[in-house]
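Peer 1: For the protein sequence lines, the chains are A and B, in the order given.
Heads up, the first sequence is in the working numbering, so the first residue is 172 and it goes up one at a time.
Heads up, the second sequence is in the working numbering, so the first residue is 241 and it goes up one at a time.
It is possible that some hints are incorrect.
Think about it this way: if two alpha-carbon atoms lie no more than 25 Å apart in a straight line, the pair counts; the simulated SDA-like pairs of lysine to any residue are [as the list claims (entries may be wrong)]:
1. A:K215 to B:S248
2. B:K245 to B:N267
3. B:K341 to A:Q221
4. A:K215 to B:S314
5. A:K198 to B:E282
6. A:K222 to A:R186
7. B:K308 to A:R193
8. B:K308 to B:E298
Label-pair ranges, simulated between beta-carbon atoms [claimed, not checked]:
9. A:R185 to B:G300: 29 to 37 Å
10. A:I225 to B:V318: 37 to 45 Å
11. A:P210 to B:T351: 15 to 23 Å
Chain A is faced by these chain B residues, among others (derived, beta-carbon under 10 Å) [to be verified]:
12. S248
13. S250
14. Y276
15. A281
16. E282
17. A331
18. G340
19. K341
20. G345
21. G347
Note that these hints are calculated values from the structure, not bench results.
The beta-carbon is built from N, C-alpha and C at its ideal position, and this holds for glycine as well.
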Amino acid sequence: NAGVMQNPRHLVRRRGQEARLRCSPMKGHSHVYWYRQLPEEGLKFMVYLQKENIIDESGMPKERFSAEFPKEGPSILRIQQVVRGDSAAYFCASSPGSSDTIYFGEGSWLTVV
Amino acid sequence: DQQVKQNSPSLSVQEGRISILNCDYTNSMFDYFLWYKKYPAEGPTFLISISSIKDKNEDGRFTVFLNKSAKHLSLHIVPSQPGDSAVYFCAASGGGTSYGKLTFGQGTILTVHP
Numbered sequence: 172n173a174g175v176m177q178n179p180r181h182l183v184r185r186r187g188q189e190a191r192l193r194c195s196p197m198k199g200h201s202h203v204y205w206y207r208q209l210p211e212e213g214l215k216f217m218v219y220l221q222k223e224n225i226i227d228e229s230g231m232p233k234e235r236f237s238a239e240f241p242k243e244g245p246s247i248l249r250i251q252q253v254v255r256g257d258s259a260a261y262f263c264a265s266s267p268g269s270s271d272t273i274y275f276g277e278g279s280w281l282t283v284v
Numbered sequence: 241d242q243q244v245k246q247n248s249p250s251l252s253v254q255e256g257r258i259s260i261l262n263c264d265y266t267n268s269m270f271d272y273f274l275w276y277k278k279y280p281a282e283g284p285t286f287l288i289s290i291s292s293i294k295d296k297n298e299d300g301r302f303t304v305f306l307n308k309s310a311k312h313l314s315l316h317i318v319p320s321q322p323g324d325s326a327v328y329f330c331a332a333s334g335g336g337t338s339y340g341k342l343t344f345g346q347g348t349i350l351t352v353h354p
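Just chain A, with the same shape it has in the complex (with noise of 0.2 Å):
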């Protein structure tokens, strides 16, 4: 499977804990967007980043949400704290390039109890 890869698909958490959610994308792809919708809504844009580097974090929540992408391994986006608004679907999407258009995974589903 060439696509971009998300795990885990669904999550339940308590709230105060912490949530991780990783992506994988497409071979190739450098670059790595992430979305969220929630219920009833469109999808919202949260964080650009490549290797190593956050290039725009206009999206993200001020506190508790952060991201990073390693040279090596997935792209992770943390959620500390998690609280019932975090409830979500979290989409990861790639790109090879800044001009190209995304490509986005299956989507990862947190639920706050």
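Given the coordinates of chain A, work out where chain B should sit on it, guided by the hints.
Peer 2: Chain B alone, transformed into the frame defined by chain A:
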């Protein structure tokens, strides 16, 4: 401020007929527009795109039209098939940012009846 709007939450069409999905935008800096299709519990799938230097782009049964003066774009699907039933999202980017930094509309649920 909703910069990309899809004013029709849903659309119902008979198989074989044309489906027309509409999208309006307010940010004049947008210069690249895309349509994605999404099934429940799956990620969005890229359908077709258009840059602001064009007013039409065609790919098989899918055609996207762009009217820059009206800040309006539309997706035509001809002929519509039951497998096209999904949520369709319009998205836009531009203004010097990465083409991957997209602003999405709220989506339109398309149902194609056999």
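Peer 1: Are the hints correct? Go through all of them and say.
Peer 2: Do the hints match the structure? See the list:
no., hint, verdict
1, A:K215 to B:S248, "holds, 19 Å"
2, B:K245 to B:N267, "holds, 11 Å"
3, B:K341 to A:Q221, "holds, 13 Å"
4, A:K215 to B:S314, "holds, 21 Å"
5, A:K198 to B:E282, "holds, 20 Å"
6, A:K222 to A:R186, "violated, 31 Å"
7, B:K308 to A:R193, "violated, 38 Å"
8, B:K308 to B:E298, "holds, 17 Å"
9, A:R185 to B:G300: 29 to 37 Å, "violated, 47 Å"
10, A:I225 to B:V318: 37 to 45 Å, "holds, 43 Å"
11, A:P210 to B:T351: 15 to 23 Å, "holds, 20 Å"
12, S248, "violated, 14 Å"
13, S250, "violated, 13 Å"
14, Y276, "holds, 8 Å"
15, A281, "holds, 8 Å"
16, E282, "holds, 6 Å"
17, A331, "holds, 8 Å"
18, G340, "holds, 4 Å"
19, K341, "holds, 5 Å"
20, G345, "holds, 6 Å"
21, G347, "holds, 6 Å"
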